Amino acid sequence: MTTLTMTRLDPQSRAARRGMSDISIRNLFIIPTILFLIIFNIFPLLYSLYYSFTDFRASTNAPANWVGLANYRELLNDPFIWTNFAITAKYVIVSVAGQVIVGFGVAMLLNRDIPFKGLITTLLLLPMMLSMAVVGLFWKLLYDPSFGIINYALGLGRFEWLSDPDMALYAVAITDIWMWSPFVMLLSLAGLSAVPKHLYEAAAIDRAGPLYTFFRITLPLVAPILMIAIIFRTMEAFKTFDIAYIMTSQPTTEMIAIRLYKMAFQEWQTGMSCAFAYIVLIMVVAITNIYVKYLNKVKER
Amino acid sequence: MTTEIQLRNLQKWFGSNQVIKDFDLTIAAHEFIVMLGQSGCGKTTTLRAIAGLESIDEGDILIEGEPVQHLKCSDRDIAMVFQSFSLYPHMTVYENIAFPLRATRMAKTELDAAVREIARVLQISDLLDKKPSALSGGDMQRVAIGRALVRQPKAMLMDEPIGALDAKLREQMRAEIKRLHIKQGSTTVYVTHDQVEAMSLADRIVIMHDGKLQQVGPPEEVYLHPANLFVAQFVGSPVMNIADIDIGSAGGGAEIRLAGSDKGFAFGEGALSGISRDAPVALGIRPEAVLLSQSNAKGHLPAVTTNIEPLGSHDIVDVKIGDQTLRARTESGFVGGEGQEVWVNLDPEQAHFFDRESGLSLRKAG
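Protein sequences appear in the order of chains L and D.
Everything in the first sequence is counted per this note's numbering, starting at 1 for the first residue and increasing by one.
Everything in the second sequence is counted per this note's numbering, starting at 1 for the first residue and increasing by one.
I should point out that these hints are in silico values taken from the structure, not numbers from a laboratory.
Be careful, since some hints might not be right.
Not everything, but these chain L residues come out facing chain D in the computed CB check (under 8 Å) [stated by the list, open to error]:
1) K140
2) D164
3) P165
4) A194
5) H198
6) A204
7) I205
8) D206
9) Y212
10) I217
11) P220
12) L221
13) I225
Listed below are the simulated PhoX-like cross-link pairs for lysine-lysine, each with C-alpha atoms no more than 20 Å apart in a straight line [stated by the list, open to error]:
14) D:K178 - D:K154
15) D:K263 - D:K178
16) D:K154 - D:K183
17) L:K299 - D:K131
18) D:K130 - L:K297
19) L:K299 - D:K130
20) D:K168 - D:K178
21) D:K154 - D:K72
22) L:K239 - L:K262
23) L:K297 - D:K178
24) L:K117 - L:K197
25) D:K178 - L:K197
Because the structure is a prediction, the values reported are computed rather than measured.
From the three backbone atoms N, C-alpha and C, an ideal C-beta is built for every residue, glycine too.
Taking the hints into account, I'd like the entire structure generated from these sequences.
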């Protein structure tokens with residue numbers, strides 16, 4: 001079937017002269033990709049699924065014993081794990097909400113005729129292009145209580161951003177907002193510029209005020225693309241590891257990814273951590289599904 | 001709904017290009033004004049200036065005697081129907097019509113009654129729960145008109161509201177707009193490039209060309225007494241014949257010779273009173289005033305048919321006299337085909353004369 005729908009190889013082409021057929025070229029392109037996916041994605045996924053039902057520890061030579069659902073039962077009954085989830089949820093909400101407010105706001109500001117619009121947009125996108133680790137290290141310096149520029153600029157004296165257990169999570173979230181607001185801004189800008197100008201004219205004629213126009217015209221029409229930005233950012237924030245790990249080591253900033261890392265590579269509970277990873281995976285898939293359902297509802301016009 | 005609109009000496013530039021020039025117009029209450037002109041003549045810009053979507057550089061716009069040129073469109077209380085409909089795509093028909101009322105926080109029960117009443121008038125009651133994307137072009141336009149009418153604005157502006165519809169629907173919507181106007185009586189300014197729409201809808205037609213007002217008047221006046229060559233050729237279909245002429249005299253009357261022809265049509269002296277014989281003059285004559293005959297009668301000139309357009313109810317026949325071609329309107333099947341010899345006369349009563357240089361009408365035909 002496939003060969004029928006495929007365009008025939010030109011018999012004069014260089015590939016044909018080297019004795020290659022349509023099928024051999026197709027295989028040349030597809031097989032490496034499939035092999036790569038199997039070796040690095042599918043196999044580890046299944047292998048870790050198996051380990052999640054065992055008491056395997058990668059640090060010993062002891063053989064893995066089948067324990068059934070014991071790992072899952074233990075994890076879901078562990079109050080500390082639920083604390084990790086609560087911290088993560090708080091972080092996701094603060095950070096994604098902050099990114100949407102800042103990113104969408106900046107997009108609204110940029111969505112008009114201003115000089116150097118392209119340059120300003122490009123400059124605003126820079127934080128997003130930096131490495132997470134570099135951002136974490138720099139913000140650690142910016143937050144520094146004794147010589148950090150943030151305390152100096154805000155006149156906060158020796159305020160402990162990252163060592164204060166109540167503040168540390170928010171400090172990390174602020175860094176994340178700084179880094180990823182441009183992403184929301186970029187998508188919002190695309191959405192905003194796609195709203196037809198004549199709708200704003202019609203709204204002005206219909207005597208709608210600026211706030212009414214924003215909530216009844218702008219926001220509903222940008223909602224689908226804004227939803228996509230929120231889906232991406234939620235998934236990313238859910239698995240935040242590097243920024244938080246680099247910036248602070250407070251128990252109040254121990255998000256699931258950090259807990260998972262400690263469980264797997266410091267405590268060497270390989271089987272247990274595999275089960276934990278699966279729980280996280282299921283949760284992320286579930287949350288994303290809720291968003292996608294809502295997105296499809298919004299897209300219905 | 002009894003609003004008078006005055007435009008005083010409007011000027012508007014887009015860069016160095018002046019798109020509205022010395023525009024003066026008073027629109028009476030309840031009047032249906034149609035602004036007619038080719039695309040780019042400034043009619044839409046003028047309309048948008050009245051609405052407040054476009055600023056003006058000089059002049060005054062008065063609504064009910066109050067200058068409004070510095071007010072935002074929301075403070076002018078004017079409704080507008082756009083050519084592109086501009087319905088809110090994410091709202092139902094009901095929400096679209098309710099939008100202007102909700103925007104000004106009308107009470108729910110009052111709002112519901114107003115929306116349903118306007119839907120009933122426009123015969124779209126069964127569409128209220130649909131989204132605009134599910135509607136036909138005509139229904140979309142009905143919704144757009146409903147949204148404009150529902151809040152009983154001081155005046156209605158319509159920017160080619162039926163230009164995007166197909167011919168049959170256009171005719172139907174034209175009748176509907178007229179019916180609505182008679183019923184609601186709101187002061188209306190309607191922009192179009194279609195002269196049939198203008199003739200059939202307007203109380204007065206405003207003809208614009210190149211940013212300038214050319215003529216203002218009721219449809220029949222604009223048709224029968226065009227003020228200049230532009231109006232003469234823009235209004236009426238098929239287009240009025242315009243021919244360069246020489247005026248001579250022959251036996252107690254005047255003789256109109258088409259350029260390149262040695263014989264002329266005899267016109268009574270009265271028809272030419274006050275027209276200079278020296279300046280270059282153009283004759284304007286509508287196809288229905290070009291009379292064809294199969295036999296040589298008094299005053300007729302011989303001519304050859306060059307083209308025939310059978311239109312069912314009548315034919316349009318092109319005849320060649322000298323170098324000039326005149327278009328004549330005849331009953332269908334009057335001339336058999338191209339290349340036939342026919343006899344032509346003109347109706348002096350329906351002849352127009354224009355100054356070739358200024359384009360202005362020299363005499364108003366009866």
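>> Please check whether A194 (chain L) passes as an interface residue: C-beta within 8 Å of a C-beta belonging to chain D.
In response: violated (11 Å)
> Holds or violated: is there a CB of chain D closer than 8 Å to the CB of D206 (chain L)?
Replying inline: holds (4 Å)
> Taking only the CA atoms, is the gap from K178 (chain D) to K154 (chain D) under or equal to 20 Å?
Replying inline: Measuring from Cα to Cα gives roughly 18 Å; hence the hint holds.
>> I205 (chain L) was flagged as interface toward chain D. Is the shortest Cβ-Cβ separation under 8 Å?
In response: holds (5 Å)
>> A closest beta-carbon separation below 8 Å is what the hint needs, so does D164 (chain L) meet it against chain D?
In response: Status violated, d = 45 Å.
> Does K72 (chain D) lie within 20 Å of K154 (chain D) when you go C-alpha to C-alpha?
Replying inline: Holds, at about 15 Å.
> Between K130 (chain D) and K297 (chain L), does the CA-CA distance stay at or below 20 Å?
Replying inline: holds (16 Å)
> Holds or violated: A204 (chain L) as interface residue toward chain D, Cβ cutoff 8 Å?
Replying inline: holds (5 Å)
> Is the hinted pair K297 (chain L) and K178 (chain D) satisfied, with a Cα-Cα distance of at most 20 Å?
Replying inline: violated (40 Å)
> Holds or violated: are the alpha carbons of K299 (chain L) and K131 (chain D) at most 20 Å from each other?
Replying inline: holds (13 Å)
> Can the hint on K140 (chain L) be confirmed by a CB-to-CB distance to chain D that is less than 8 Å?
Replying inline: violated (45 Å)
> Between K117 (chain L) and K197 (chain L), does the CA-CA distance stay at or below 20 Å?
Replying inline: Roughly 19 Å between the alpha carbons, so the hint for K117 (chain L) and K197 (chain L) holds.
In this structure, the hints that do not hold are numbers 1, 2, 3, 4, 13, 15, 23 and 25, in rising order.
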